[in-house]
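Chains A and B supply the protein sequences, listed in that same order.
Heads up: take any position in the first sequence, counting from 1, add 58, and you land on the working numbering.
Heads up: take any position in the second sequence, counting from 1, add 45, and you land on the working numbering.
It is possible that some hints are incorrect.
With beta-carbon atoms standing in for the labels, derived distance ranges [stated by the list, open to error]:
#1 A:Ala432 x B:Asp462: 32 to 38 Å
#2 B:Asp462 x A:Glu492: 18 to 24 Å
#3 B:Gly371 x A:Asn227: 34 to 40 Å
#4 A:Gly397 x B:Glu270: 48 to 54 Å
#5 B:Val110 x A:Gly397: 31 to 37 Å
Short derived list, chain B residues pointing at chain A, Cβ under 8 Å [to be verified]:
#6 Gly126
#7 Val143
#8 Gln334
Hints were generated in silico from the structure; no laboratory data involved.
The C-beta atom is built at its ideal place from N, Cα and C for all residues, glycine as well.
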Amino acid sequence: MTLIADRPGPGEARPYRFPQVVRRSVAGGQVVAAHLPGQNLAVALLLLDAGAGREPVGKDGLGGVLAKALEEGTTQRDATSYALAIEALGTELVTGLDWDTFQASVQVPVDRLGAAVELLAEAVRTPRLDPDDVRRVRDDEATALRMDWANPGPRADAALRADLFGAGNRWGRPMYGDPDSVAGLDVEDVTVFHSEWFIRPGTLVVAGDLDRLDLDALAAAAFAGTGGPAVDRGATIEVPVRAERRIILVDRPGSVQSTLRLGHPAPHRAHPDHVPMALAGTVLGGAFTSRLNHLIREVRGYTYGIRGDFASSRRFGRFAVSSGVQTAVTAPALVEAVGEIARTQAGGVTEDELAVARSWRAGQLSVELQSPRAIAGALSTLVVHDLPDDYHARLREALLAADVAQVSAAAATHLHPQSLTLVVEGDAALIRDELVATGLGELTDDPAG
Amino acid sequence: MPDSGYPWPISMTRLDNGLRVVVSEDRTAPAVAVNLWYDVGSRHEPAGQTGFAHLFEHLMFEGSVHVAKTEHMKLVQGAGGSLNATTNPDRTNYFETVPAEHLELALWLEADRMGGLVPALTQETLDNQRDVVKNERRQRYENVPYGDAWLRLLPLLYPPGHPYHHATIGSMADLNAADLATFQAFHRTYYAPNNAVLTVVGDATTDEVVALARKYFGALPPRPEIPPAPDGRVVPATGVPAEETVVTDVPAPRVFVAHRTHPFGSPGYDVVTVLATVLGSGRGSRLYQRLADGERIAQPDLVGAYGVDLAHAPAPLIATATARPGVTGERLAAGLTEVIDELATVPVTAAELDRAKALLATAWWRQMSTVDGRADALGRYATQFGDPATVAQRLPAWLAVTAEQIAEVAAEVLAADNRVTLTYRPEEKS
Numbered sequence: 059m060t061l062i063a064d065r066p067g068p069g070e071a072r073p074y075r076f077p078q079v080v081r082r083s084v085a086g087g088q089v090v091a092a093h094l095p096g097q098n099l100a101v102a103l104l105l106l107d108a109g110a111g112r113e114p115v116g117k118d119g120l121g122g123v124l125a126k127a128l129e130e131g132t133t134q135r136d137a138t139s140y141a142l143a144i145e146a147l148g149t150e151l152v153t154g155l156d157w158d159t160f161q162a163s164v165q166v167p168v169d170r171l172g173a174a175v176e177l178l179a180e181a182v183r184t185p186r187l188d189p190d191d192v193r194r195v196r197d198d199e200a201t202a203l204r205m206d207w208a209n210p211g212p213r214a215d216a217a218l219r220a221d222l223f224g225a226g227n228r229w230g231r232p233m234y235g236d237p238d239s240v241a242g243l244d245v246e247d248v249t250v251f252h253s254e255w256f257i258r259p260g261t262l263v264v265a266g267d268l269d270r271l272d273l274d275a276l277a278a279a280a281f282a283g284t285g286g287p288a289v290d291r292g293a294t295i296e297v298p299v300r301a302e303r304r305i306i307l308v309d310r311p312g313s314v315q316s317t318l319r320l321g322h323p324a325p326h327r328a329h330p331d332h333v334p335m336a337l338a339g340t341v342l343g344g345a346f347t348s349r350l351n352h353l354i355r356e357v358r359g360y361t362y363g364i365r366g367d368f369a370s371s372r373r374f375g376r377f378a379v380s381s382g383v384q385t386a387v388t389a390p391a392l393v394e395a396v397g398e399i400a401r402t403q404a405g406g407v408t409e410d411e412l413a414v415a416r417s418w419r420a421g422q423l424s425v426e427l428q429s430p431r432a433i434a435g436a437l438s439t440l441v442v443h444d445l446p447d448d449y450h451a452r453l454r455e456a457l458l459a460a461d462v463a464q465v466s467a468a469a470a471t472h473l474h475p476q477s478l479t480l481v482v483e484g485d486a487a488l489i490r491d492e493l494v495a496t497g498l499g500e501l502t503d504d505p506a507g
Numbered sequence: 046m047p048d049s050g051y052p053w054p055i056s057m058t059r060l061d062n063g064l065r066v067v068v069s070e071d072r073t074a075p076a077v078a079v080n081l082w083y084d085v086g087s088r089h090e091p092a093g094q095t096g097f098a099h100l101f102e103h104l105m106f107e108g109s110v111h112v113a114k115t116e117h118m119k120l121v122q123g124a125g126g127s128l129n130a131t132t133n134p135d136r137t138n139y140f141e142t143v144p145a146e147h148l149e150l151a152l153w154l155e156a157d158r159m160g161g162l163v164p165a166l167t168q169e170t171l172d173n174q175r176d177v178v179k180n181e182r183r184q185r186y187e188n189v190p191y192g193d194a195w196l197r198l199l200p201l202l203y204p205p206g207h208p209y210h211h212a213t214i215g216s217m218a219d220l221n222a223a224d225l226a227t228f229q230a231f232h233r234t235y236y237a238p239n240n241a242v243l244t245v246v247g248d249a250t251t252d253e254v255v256a257l258a259r260k261y262f263g264a265l266p267p268r269p270e271i272p273p274a275p276d277g278r279v280v281p282a283t284g285v286p287a288e289e290t291v292v293t294d295v296p297a298p299r300v301f302v303a304h305r306t307h308p309f310g311s312p313g314y315d316v317v318t319v320l321a322t323v324l325g326s327g328r329g330s331r332l333y334q335r336l337a338d339g340e341r342i343a344q345p346d347l348v349g350a351y352g353v354d355l356a357h358a359p360a361p362l363i364a365t366a367t368a369r370p371g372v373t374g375e376r377l378a379a380g381l382t383e384v385i386d387e388l389a390t391v392p393v394t395a396a397e398l399d400r401a402k403a404l405l406a407t408a409w410w411r412q413m414s415t416v417d418g419r420a421d422a423l424g425r426y427a428t429q430f431g432d433p434a435t436v437a438q439r440l441p442a443w444l445a446v447t448a449e450q451i452a453e454v455a456a457e458v459l460a461a462d463n464r465v466t467l468t469y470r471p472e473e474k475s
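For reference, chain A alone in the conformation it holds in the complex:
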């Protein structure tokens, strides 16, 4: 025999340590940095308390338009000069937002970080926001969203979000808005949002070789000309789960797959069950070996992939499952996915499954936290959720310590198979009748049409 039959056990574990965290208060703002000795590349990321949750209801997508408008020239130079200046350093200005924060970042060889942060701050703090430019950017963003919404997914996501959280609430509408909400924004919406939220200091996150970086100088550049007190972040939002399961059908004629989005509300990020919930989600839908992927992909062959998880922001959370399945098997795939969620809620997890889930999640802390970009993301988590420097070490311990009883209890408490909203985006003419026949819940057509 040429192969060795016996599976080798692990060698001696070498403990993972999250990089040393440095925190400073400089020029009215906060700096949170990680030391990556010898790393050639460095990342700086400015976090502002200006996420989509700060957008007024009906102004959905405002932050996204402002993010784009930041690059249309500053008080010091026009758009072309700005693009050439920042790209000559080897970076683009990368912007992003979620429900809690707006972020702008640069990634460059370490000796260029100072110059890059100056340009980042120039765009974020002192954009030109010329009315003609803002209108053009708005129109381009509306067009970009129209393009995106021609893909399967965004309409189903919006239908699920609206049904879970209510379309009358900002958090019941798409994070980046929709084509119509963005088209309806005006110049003043953008300039007011900027003056209200973008000239507060915020937090500068830095990941790089701190021996070659001057944090005070970076902070001075990032926080120059800023002011204003911290603002109340708002209380957590308790969202009731539905009394009954329902199906929402989003028509996409000619679709060769049906896009599935199943979900219900779940606890916010600071909930004490965060770790056992995450592990329950991993067993059910988080890893390749999850119950859902095993059944729907590896046994049935209905899909290229299916996944599910609990996700949360500071104020609210949700459980959701997403997949794309071949049109002809839409109904059985939906029935089996709901069945797997119900089985997990009722019966919990096994030690065998949990062993994989906890080792995987703990191991990912050393495997995935390598690049400066990944470390900066981890630091952002500390900032946004007020977590201590040793959070990642404690998280590892908490993951490894979670037992079957805790995780099964979290599944029992926080999964609600009877209250799921089941959004199906596909060719309605082909799938409507069989969806009704599943008896999974009353079927309604997507109110957004």
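Take the given structure of chain A and dock chain B to it, following the hints.
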């Protein structure tokens, strides 16, 4: 300017059975990346068997002699690791990054599926993964607007019989016809130690890795003659531009302009890489400045250019733009080709060149910032150029490209009679 793009140690050891073992030690984090490049891709597929190399990649996760079905994923994830595999026209790569103490497990798993896949392969597994791959094709190519652009560009760029003529995902008809015996033969033919490079980067020494490689892979027999893919290095010029227009359910006109250039790894392709960045990467690029900002005929987020890094034939350079509302596909195509044509006639300025090189340097160091990024690069250079240490030359080669070289290469490979234009046009709504 750095004189090396790879400031870490590299060793390469060839086992008696031909397996090349590349090691690059880095003790920064307690993790190791394990990466296997098999020198087989869709370029090896004969007519009637398109998509087989990729479908085979799926089968490699479904169990082998000592690893039960689904156990591979479970063992790697249960060790805290990340894993995946990809197939392209040139090659198939398999990789996992694990906490360092699980290095031996990863090597055992890779050896078992290199040497012991065939006895474990069943009709049931093949049928299941065939369905999964057909769903992958639907999800990535058929169910999204413009999703089939790559499938349409390849046959326009490369003639029938050329190894890059067909796409890696394959055709539904060929996938449906795939039988078990073909896959058993596929493994016996290509999945041999002398057709692979094993790379380990991270928290391990060369001695440790080579000893483990000998232990787990050392007794696997080499295959004496591995049939090569058809030679695609010379693509006869037709002298006639190729054009295709697709009228379908898309939200706006989109144009792709593509050219065959030079193979990845050649000096000419280094020039193409810098040229592509000047042309289409970032807001300071010529395409953005001219079409998105200047004339404002292209949507700003959807304009760009890139080379596809293929090494066994002249690799494609693809430029693309999507029309702003009210702009026709014809006007957009005219704007796009005008900017491309000017690469040969309007000299690239020092500022344009510096911008492109700075962006490329950051992209390079981003790939090198993780052990898995480094492992894949070393596997590539060992497989395609015979020496992993040549990885260090790529970044300096990009940084040495001149404006004159860009004009010369543009004149050579971007001529109008060597051009492929693919245009998507929305259906008229009644």
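The hints, checked one at a time:
Between alanine 432 of chain A and aspartate 462 of chain B the C-beta distance comes to about 47 Å, which lies outside the given range of 32 to 38 Å. Here the CB-CB span from aspartate 462 of chain B to glutamate 492 of chain A is close to 53 Å, at odds with the stated 18 to 24 Å. For glycine 371 of chain B paired with asparagine 227 of chain A, a C-beta distance near 36 Å keeps the hint of 34 to 40 Å intact. Distance hint for glycine 397 of chain A and glutamate 270 of chain B: a CB-CB separation of about 51 Å, consistent with the stated range 48 to 54 Å.
Taking 31 to 37 Å as the suggested C-beta distance range, the pair valine 110 of chain B and glycine 397 of chain A conforms, at roughly 34 Å. Restraint check, glycine 126 of chain B versus chain A: the minimum CB separation of about 6 Å is within 8 Å; hint holds. The restraint placing valine 143 of chain B at the interface with chain A holds, with a minimum CB-CB distance near 7 Å, inside the 8 Å limit. For the restraint placing glutamine 334 of chain B at the interface with chain A, the shortest Cβ-Cβ distance is roughly 6 Å, inside the 8 Å limit, so the hint holds.
This entry does not satisfy hints 1, 2, going by the numbered hints stated previously.
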